[in-house]
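Residue numbers (this note's numbering), protein chains in the order written: chain A, 1 to 102; chain B, 1 to 167; chain C, 1 to 477.
FYI, nobody ran anything at the bench for these hints, they're computed from the structure. Treat the hints loosely; a few may be bogus.
As a list, the in silico EDC-like pairs of lysine to aspartate or glutamate whose alpha-carbon atoms are at most 16 Å apart [unchecked claim]:
| id | chain 1 | residue 1 | chain 2 | residue 2 |
| --- | --- | --- | --- | --- |
| 1 | C | K148 | B | E165 |
| 2 | C | K424 | C | D358 |
| 3 | A | K88 | B | E131 |
| 4 | C | K273 | C | D194 |
| 5 | C | K397 | C | D322 |
Covered stretches of chain B, going by a simulated chain C footprint (3 or more residues, C-beta under 8 Å) [said to hold, decoys possible]:
| id | region |
| --- | --- |
| 6 | 136-150 |
| 7 | 153-162 |
Cβ coordinates follow ideal geometry from the N, Cα and C atoms, glycine included.
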Amino acid sequence: MVPPIAFLILGAVVFLLAMIGFLTRRSLVQALMCLELMTSAVALTFLALGRALGDRSMTGMVFATFCMVISAAEIGMGLALVLLYFRKHGSTSTDDLDLMKG
Amino acid sequence: MGAEATSWFLFTLMAVVIVGCSVAMMLSRNFVHSAVFLAGALLSFAGLYALLDATFLALLQLFIYAGAVTVVVVFVVMLTSTSVVAFDSLLQRQTWLALAVGVAFAIPLIDALRTLAAALPLAATAPGGTEELARALLTTYVAPFEISSAILLAALVGAIYLAREAS
Amino acid sequence: MYLNAWLAWSPEIVLTLAWAGMLVCGALWPRTHPYMRHATLAALLIALGLAGLVAANAHSLYGLYFSEAAKLDSVTTFGRLLFGSAGVLVVLASWDVHGEENAVEFFGLFVLSLLGEVVIVSGQNLLMLFLGIELLALPTYALIAIHKTRARAIAAGLKYFLLGMFASVVMLYGMALLYGSLGTISYVHALFPDPSHLSAARLGVLQFAFFFLILGLGFKVTAFPFHFWSPDVYAGGSTQVVAYISTVPKVAIMLAIFRILGPAFSTGYPIAKWFLIAIAVLSMVYGNIVALMQDDVRRMLAYSGVANTGYMLIAIIAGGADSQAALLFFLVVYTFGNLGAFFVVLGMGEDRHITIGDFDGLARRYPVLALAMGCFLFSLAGTPPLAGFFGKFALFKSAVAHGLPLLALVGLVTTVISVGYYLKIASNMYGDLVQRDLPEGRAIERIPVPLRIALVLAVTATLVTGVLGIPLFLGAL
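Hey, can you work out the whole structure from these sequences and the hints?
Take a look at the structure:
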């Protein structure tokens, strides 16, 4: 049996990796993909924590389920926006967006 | 090979696939390749869920991500631009800075998680399976369950509105 | 029990039914599209009335519902009434602006977003908070870009979406760590227990959890280091929607933060408290100083929003019942002042940048509009006898009462700085008595009647809260 801590560490590593990816890459589609990875890493963390705590109320698993629901909603909305943006601008690079500029 | 060794082998395999696919997805210059790498990483996540005895979630992950999400991503990649967008930013100084900050953050975080996990009593079995999940969703967590339907509806209406060609 | 639940949540049920009905009617009979706004307005007014009735029967209806997932109490009622009134104003301001083909989506998504805020305020566990924030945010991503022909609005929508989603996921990771370190997600009895009851192992993870949670929530309320999306989004999005997202979501999340932190927080967690104090001070200082340098009024209001977030955080850091009263009062003041200021900008022109120069001699050309703008600006600045003065006074007093006099001092000094940029607009409106030619293309088109009604209502609300604030002020002396 693999102990939950192994899953927790993997979750943290993938979460931070995808976070760095989100903040440094230049393509909108890849930014969305990084968001999906982050959400999956969070769901894994919730499952592993539910397992580690031995929580009979199923909170960890329920939260992981809702992570999936939200990320499905999010990707639909995000891709629709990317499509719309592309129709207007003809490019899907985040450079034109200046995400960090205030 | 005992059950213990098998599960460690499967975990290591999927962990390597996830990390490898994530990095390849970010570095790839071709978005279709990126989408395939993403699908690989998300499929391995399904395997990890199964290892944690969350069979239902593993199936959901397979259907929703590997099925629906990846297909939609590939569609949008095809619809928008197959040309390679300038990717010179990726190996610049700021990326190394981000990586350094990430590592500096990861080490204490993982350390804290290890301390926490060591302090918890190890549960021998999973707290519950699909039946318990269903019961929790429809009793304790019925309000969030209903609210999630409104969220999906909002995303649906918003996405259709945005993607529709102007009449 | 079941009947009570139906009655207690009747305002939300009415709004849900209205939304579902609008969607079906809009799809089946396109001729009903022009009446969507009437339906939304009617549904909001009915919901407001029902919320008032529920509050009148507090003794039998208040309590915990849905397996302790949601709580109906005076704070929830406050949220319902404030969000409902702000919703009415936004619907009035959006009356004529959106083409008929957008009506179903615009008003439907708007109502859903309002429902999300009620979920945030009434929720009693982290799952409800997360789902509430998503229900609030997902419709606004589409609403910002509701004018699909405007490139700026689409870019603003995309930026808002990417950073908003990113903040949500970071917050979600914080929630996971909170769940791990506390073993529960419910905050019926305050999420943060007395730290002496927690082992060192749990406290270690709790620090990271708090950091991620505040990072995510800070994005949503535009607190200082996480505010950088707001000026572009405020300047690019459609103005009615910006007026909405700059006020109501912030109010809802502030109320939720107050609920989450609970009484043990301000005494038991010094590191986390200093982290919040740093955010509050930086928000006040940075927001006000940068706002002073802005020429575009929408961007100026965005930075003024950052500063106001800092003021709201003062009450959250201080904690306690008197701070809560001060926070609630300040939130009302901020909501109507900010909504009104954005409505004036909307009235001056939707499609172009409104700069401070546009206000030159406004009082001579449009005396009523200038008077309204002056009322909102001086309320935001906190000049007596308008509502903002009492709001800020109550906030600073609660900070002093809880042993944070320096925080109150920073608030006071930055308030004086903020008068500078509010006064700049006011002096442009009133000070310029020399007859000057109107710059080319800067004439204001006729302001539609519903927007006029919204402006009158916002002015009334600002003045009435000012009058209501006097007892608060006198009681505090």
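Unsatisfied constraints (hint numbers, rising): Hint 3 contradicted; others consistent.
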